[in-house]
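Protein chains: 2
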Amino acid sequence: MATKVNPRILSGFMELLPEDQILFVGMLDKIRFKFEQYGFAPIDTPVMELSEILFAKGGGDTEKEIYRIGNRGDDISLRYDFTVPLARYVAQRYGQLTFPFRRYQIGKVYRAERPSRGRYREICQCDIDVVGSESAYLDAEMAVIIYDILSSLNLGTTFTIKVSNRKILTGFLEYLSLVNNSTEILRNLDKLEKIGEENVADNLSKLGVTSEQVEKIMQLITIKGGIEEVVTALEEVKVSSVQFRSGVDELTEITQLMRLYGVPNDCYEIDLSMVRGLDYYTGTIYETVLDEYRAIGTICAGGRYDNLSGYYTSNNLPGIGVSFGLTRLFFQLKEAGLITPKRKVLTDVLICTTSSDYLGRSVEIAKLLREKGFNTDVYPQQGKLTNPLKYANRLGIPIVLIIGENEYKNGQISVKSLSDGKQRAVPVEALGDLLMNLLAT
Amino acid sequence: MATKVNPRILSGFMELLPEDQILFVGMLDKIRFKFEQYGFAPIDTPVMELSEILFAKGGGDTEKEIYRIGNRGDDISLRYDFTVPLARYVAQRYGQLTFPFRRYQIGKVYRAERPSRGRYREICQCDIDVVGSESAYLDAEMAVIIYDILSSLNLGTTFTIKVSNRKILTGFLEYLSLVNNSTEILRNLDKLEKIGEENVADNLSKLGVTSEQVEKIMQLITIKGGIEEVVTALEEVKVSSVQFRSGVDELTEITQLMRLYGVPNDCYEIDLSMVRGLDYYTGTIYETVLDEYRAIGTICAGGRYDNLSGYYTSNNLPGIGVSFGLTRLFFQLKEAGLITPKRKVLTDVLICTTSSDYLGRSVEIAKLLREKGFNTDVYPQQGKLTNPLKYANRLGIPIVLIIGENEYKNGQISVKSLSDGKQRAVPVEALGDLLMNLLAT
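Residue numbers (the numbering used here), protein chains in the order written: chain A, 1 to 441; chain B, 1 to 441.
It is possible that part of the hints are untrue.
[What the hints assert, rightly or not] Here chain A is said to cover these stretches of chain B; the calculated rule only asks that three of the stretch's residues, wherever they fall, bring their Cβ under 8 Å from a Cβ of chain A:
1. 4–10
2. 88–97
3. 307–320
4. 356–364
I should point out that these hints are in silico values taken from the structure, not numbers from a laboratory.
Every residue gets a Cβ at the ideal spot worked out from N, C-alpha and C, and that includes glycine.
All chains should be modelled from the sequences, with the hints used to inform the complete structure.
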């Protein structure tokens, strides 16, 4: 063959070696297990949606970041999150679903972002939502699930679930008679961490917010800490706004339930400066960060919405959801050396034979071991043992079974444990128990 | 909100209700479990590849069927199978991999086909390949895995693994001095089932194949049956071709190993008319069909190739692989009523309370039950029991736990089994064992 095409992938995509993929899948499995433990059922929407569906909301930065397929008749776009497809799914299948509808979806979403460290164009997301209920119990449960999942992943670093309620800030702006400007104000407040308090204050004053108002807003959003301190501080603000009041009450109720569920105080904080999902969330909001790696941003976020599917149906569907971004989290944990592959393969046992005459015996034993639950690989080439032993060593397969002439004649198998190099010959019947013991250590 | 966008998906995409998705995921899990049992490790390549990579082979029908993304600088295409990405992966990461490289990949591939019954544009595929070995043991193992997986899926219908070896037909054409025309001849033979023997014969004669040659070819490819009959029949053909001989020998060796592994005779057949993957496979080939639903075509196929990554590297990489098309298989099994959802959700237990005062107790019990391994849902609204009971009934949640005033005061829980409607109050400590018993029946 003549010229070769340089084998490479597009920038901004994460592709792992098998040992890392095993780690990654292990994390996905844990997340899925937890989702199911909390009563969520899976759905899987197509990666492609009609552009009309994805752009129903219209405008904004989202549209710029969407991959669109031009050459295929229909105007097709790739999903950039699971929320819009969920909104479409629930509207489309309303009559066939039972509400409150608890669903999870695990898969890939696509963002035509400029790739940079920790930012990917293909993102593995794990989402849960409960659609069709306004109960604040669910707001607490979401935070509990975040805590439960991140704990079960053994991240090797602490994390903080930042909790807030959109009603507090919105109610406060209402009280300051800034409600007409609120979207613009919130958009600016969202930049606080990025551009600093002074720049935000400047921008706000350009929007016609008085310096007194700016000061009040800054005072409010910099209230942080445990729920008691925050509530006490908020009471001192003395705001006459139903929205504000209801936001504070919800926050109180939710954090009480979180405590009952055993979420430790140092794993979450109230952060009133959080804005997130401007035209979307209406109540409780979450963002979770790794304490020592805040630079990579949010690894898990979500919140409550009043009406999920308003663009597709007149059925009113309030709900709440949370999304875990596993690609970014994995990148960060790996970068920081907090996770390292334990195994290059999932194989427990490799069987090898010195001659093809004994292959039949290999096959019998492989069949037996797989039935007993051992992941078993048969080395495809018969002959010298150096090759299969090198293969097992490189892949970290813990046990090699050898069938040579002696073993074959005596109806035995040599069992070689690669961790200590010890080898012993045993009859086939003793194999299962011996392997069980060797693999347990 | 004004006009609504009609909520719908693109045609040619499979989107399931949760109860069907649970079935689908169950099948995927079984396939993955088997892959791992045979020593395969996971990889996950991006859905998007550079068009240059995907089109390296160039030409043919494939290119027409590829989704291409026009609006994003790079010339990007969506993968239409896992084999080309594997070829690229192995070439790119050659030095970091251990050979023979056993990998599985489970995910979606995209084909811009005209959708029709059972044909989808987004296809869930489950692939295994072993790259870097020519051993015929692996050819047999692939057939064994097909048999093992399809058996474990409890399809409710029989299947046939059709096995052949490309060398037999190629060697035969060589022997007939038709080697210059062989690609065109094979392409025509591939249409046998579709257009019938007469039309194929017509086409062949147009290619300059004499009627005597046509007859000989037809005689050869209509040899079918168990390995002994086929080998006997092939011996009678008396062909002096090294290729032909080697094909027959491989077929003999492979079927012997399959037998040793316990694949029953009635689950496979030698079918020399099979052509498949014209410019790709070089040795053993497989196609598996559901006996009673042959019309939907192949549900699993694969074969041996001489050189996987020739377009990307000069490293010679022979190997063998098999691909399961789960989307089509699921469609057919569902259509035929061979699989039906057993559960609408994965939830074992629903907890509900008559007042928010008892929510704290719910939370404690939910936490306890999840730790004990029960998938537990807490009904988010407190109050009347009709709503949670209706919810549990509609979703088929087997057990509802009720905490009302009496239960709360007495430190008990009422356990209602929805299958027989029986309800009994028990202390919290007795809950785990009782649930275990109820769920076991």
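Structure-based check of each hint:
no.: 1; hint: 4–10; verdict: holds (count 7)
no.: 2; hint: 88–97; verdict: holds (count 7)
no.: 3; hint: 307–320; verdict: holds (count 6)
no.: 4; hint: 356–364; verdict: holds (count 4)
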